[in-house]
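Visitor: Sequence:
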Amino acid sequence: MCRKPLIQLMAAVSVVMWSSDLRAEWTRFRGPNGDGVSTEGHSLPTHWSGTRNLQWKIPLPGPGSSSPVVVGDKIFVTSWSGYGRDRRNPGDPKQLRRHLICIDRHSGETLWSVAIAARLPETGYSGMITEHGYASHTPVSDGKHVYVFFGKSGAFCFDMEGKQVWQRHIGTESDPEGRGSASSPILYEDLLIVAAGAESEALVALNRKTGEEVWRQEAAGLNATWGTPALAEAGLNRTDLVIAVPSEIWGLNPNTGRLRWYSSGLSSGNANSSAISHDGIVYAIESGAGGAGGIAVRAGGKGDVTGSRVVWSARHANRTATPILYQGRLYTFSNRIVTCIDAASGSEIYKARLSADSAGPATRRGSRRGGFGGDYSSPVIGDGKIYFVTRSGQVYVLKASERFELLAVNRMGEEGEDFSATPAISQGRLYLRSNRNLYCLTLKEDQDSSAGRPAEAAPVPEVPETPSASQAPPGPGRFDGQRRRRGRGGFDPARIFQRLDADGDGKLSGEEIPERMRGNLGRMDSDGDGAVTLAEFREAMNQMRARRRGRSPGREGGRFGGRDRRQGRPERPQRPDIES
Numbered sequence: 000m001c002r003k004p005l006i007q008l009m010a011a012v013s014v015v016m017w018s019s020d021l022r023a024e025w026t027r028f029r030g031p032n033g034d035g036v037s038t039e040g041h042s043l044p045t046h047w048s049g050t051r052n053l054q055w056k057i058p059l060p061g062p063g064s065s066s067p068v069v070v071g072d073k074i075f076v077t078s079w080s081g082y083g084r085d086r087r088n089p090g091d092p093k094q095l096r097r098h099l100i101c102i103d104r105h106s107g108e109t110l111w112s113v114a115i116a117a118r119l120p121e122t123g124y125s126g127m128i129t130e131h132g133y134a135s136h137t138p139v140s141d142g143k144h145v146y147v148f149f150g151k152s153g154a155f156c157f158d159m160e161g162k163q164v165w166q167r168h169i170g171t172e173s174d175p176e177g178r179g180s181a182s183s184p185i186l187y188e189d190l191l192i193v194a195a196g197a198e199s200e201a202l203v204a205l206n207r208k209t210g211e212e213v214w215r216q217e218a219a220g221l222n223a224t225w226g227t228p229a230l231a232e233a234g235l236n237r238t239d240l241v242i243a244v245p246s247e248i249w250g251l252n253p254n255t256g257r258l259r260w261y262s263s264g265l266s267s268g269n270a271n272s273s274a275i276s277h278d279g280i281v282y283a284i285e286s287g288a289g290g291a292g293g294i295a296v297r298a299g300g301k302g303d304v305t306g307s308r309v310v311w312s313a314r315h316a317n318r319t320a321t322p323i324l325y326q327g328r329l330y331t332f333s334n335r336i337v338t339c340i341d342a343a344s345g346s347e348i349y350k351a352r353l354s355a356d357s358a359g360p361a362t363r364r365g366s367r368r369g370g371f372g373g374d375y376s377s378p379v380i381g382d383g384k385i386y387f388v389t390r391s392g393q394v395y396v397l398k399a400s401e402r403f404e405l406l407a408v409n410r411m412g413e414e415g416e417d418f419s420a421t422p423a424i425s426q427g428r429l430y431l432r433s434n435r436n437l438y439c440l441t442l443k444e445d446q447d448s449s450a451g452r453p454a455e456a457a458p459v460p461e462v463p464e465t466p467s468a469s470q471a472p473p474g475p476g477r478f479d480g481q482r483r484r485r486g487r488g489g490f491d492p493a494r495i496f497q498r499l500d501a502d503g504d505g506k507l508s509g510e511e512i513p514e515r516m517r518g519n520l521g522r523m524d525s526d527g528d529g530a531v532t533l534a535e536f537r538e539a540m541n542q543m544r545a546r547r548r549g550r551s552p553g554r555e556g557g558r559f560g561g562r563d564r565r566q567g568r569p570e571r572p573q574r575p576d577i578e579s
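Going by the numbering used here, the residue at position 456 of the sequence shown is 455; the numbering climbs one at a time, nothing skipped.
Hints are computed from structural coordinates only; laboratory data are not their basis. Take these hints with a grain of salt, some might be off.
[As the list claims (entries may be wrong)] The calculated DSSO-like cross-link candidates involving lysine-lysine, where the alpha carbons are at most 30 Å apart (straight line), are:
#1 162 / 143
#2 73 / 56
#3 56 / 443
#4 398 / 384
#5 443 / 398
#6 162 / 56
#7 384 / 443
#8 56 / 143
#9 143 / 73
#10 73 / 384
#11 56 / 398
#12 162 / 73
#13 162 / 208
#14 56 / 384
#15 208 / 73
#16 143 / 208
#17 162 / 93
#18 506 / 350
#19 443 / 73
#20 301 / 350
#21 350 / 398
Model the full assembly from the supplied sequences, consistent with the hints where possible.
Guide: Written as structure tokens, this is what we have:
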């Protein structure tokens, strides 16, 4: 046999094996294609503590909400430092630095770290950006390079030893609401695709080898979009780039950025979470100021596919956490409640409350930032278990099945430690990062039954039913384009107030107020005592509702005052041009 064909065959096989291994690794936000599910088959811990099933814990050079990614024996994670650590005294923005850190996955040793000066002016450290800061974008890797996006400072490519290969600026605009930037980059063939909603209301594709801009699509519809794009198989030799934007899902040509299709069906004025795809179906669930909504759309088609390719639509609630799909079931986590949904029909399988009492005293007022309503992490699944992390450091471990079964509640971190990042799973290890540390957890022999809090200690009260997909309005795909009612009992500020008042003291602190309203605390707090009473809340909600009735096009009624959310932005089309 000729040696040359044999060598070529072996090389081809090695490339296929490397590509297959890379697809199984956690190389981007929420792992392979952003679905949040580990398919490796390794056992993972259910219980842990400071001495049980903890492989290592290392300090990070600064806070961040980005997730770690794992490539072979290396972990990559980002942080920021120098500015924006104290809301009352943020410091000098000229000192702001972003960090990319490379860590040995076995020992936790830092192999290298690079610091990048910020391009100024940067969004100031006030308002909503204080909730997540300046390192919210998760890196992505092709196994040879690691790519990061740092908002106004641009996109960067580094080799695996920390040498910068290229840098490219994406945009320097600011989100009019001062929320900053959060979407993570993804890879498609030779392209690095960046969703720069805050910086330029754009989707931008760069040549991942050179950093040269290949295409750019700017659209006003990308305003208030913080989710990460995904890729959906849409038939033979066709892949759609999909992204959830306020009120819609878009499917674009990843080679050109041209819009192939779009569908209505989401009610929220924000797109905080990401769309996910599975077997050619795109799922998005979002709730916020405009209401609650969930939709499943078959990828493919052309133009407005609302009446032709919608599989189902329903009133399902979801906040910042991206839903997760496993064995035909969708799981969402929102405001202390986990909902399990049949992915084929959109009907609710179960709904259960994650008891606040099981979280312990760390969630009480005056301790850590964030309650259940302000949790930023998205769930992940490995070893048949769902892991969901609250900002205050409680990790809920659930069995991924059609019945609610809470396996454990594990406490993480110390006072003031903030857990806003989504975990990563790789080679039998669970990686969690906080604003201070990176943790590596692994199942050790005889250590999984004696740590953590067992399920029996976390009772699950019943949750009242909400309208499911079977109760959705009739019409194509069960969606007729009409606004749905907000709830069975109508608009009741007192009920909303009671649900938000986690400690039951009859007042809402800044931590208990949902993030979409938190910037308006001063307006709601009419007597200026730092807390909102029921009377103040009722008055503010009634004013908000009255403004919503009279809002004009281009204004978001779900915000107090109904101001133009695109204030200061250049004129742009609502959507990219439809592909011819």
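Visitor: Work down the list of hints and note, for each, if the structure agrees.
Guide: These are the hints, each one checked on the structure:
no., hint, in the structure
1, 162 / 143, "holds, 12 Å"
2, 73 / 56, "holds, 15 Å"
3, 56 / 443, "holds, 16 Å"
4, 398 / 384, "holds, 5 Å"
5, 443 / 398, "holds, 20 Å"
6, 162 / 56, "holds, 26 Å"
7, 384 / 443, "holds, 17 Å"
8, 56 / 143, "holds, 26 Å"
9, 143 / 73, "holds, 12 Å"
10, 73 / 384, "holds, 25 Å"
11, 56 / 398, "holds, 26 Å"
12, 162 / 73, "holds, 15 Å"
13, 162 / 208, "holds, 14 Å"
14, 56 / 384, "holds, 23 Å"
15, 208 / 73, "holds, 21 Å"
16, 143 / 208, "holds, 10 Å"
17, 162 / 93, "holds, 23 Å"
18, 506 / 350, "holds, 27 Å"
19, 443 / 73, "holds, 21 Å"
20, 301 / 350, "violated, 35 Å"
21, 350 / 398, "holds, 14 Å"
Of the numbered hints stated above, the single one contradicted by the structure is hint 20.
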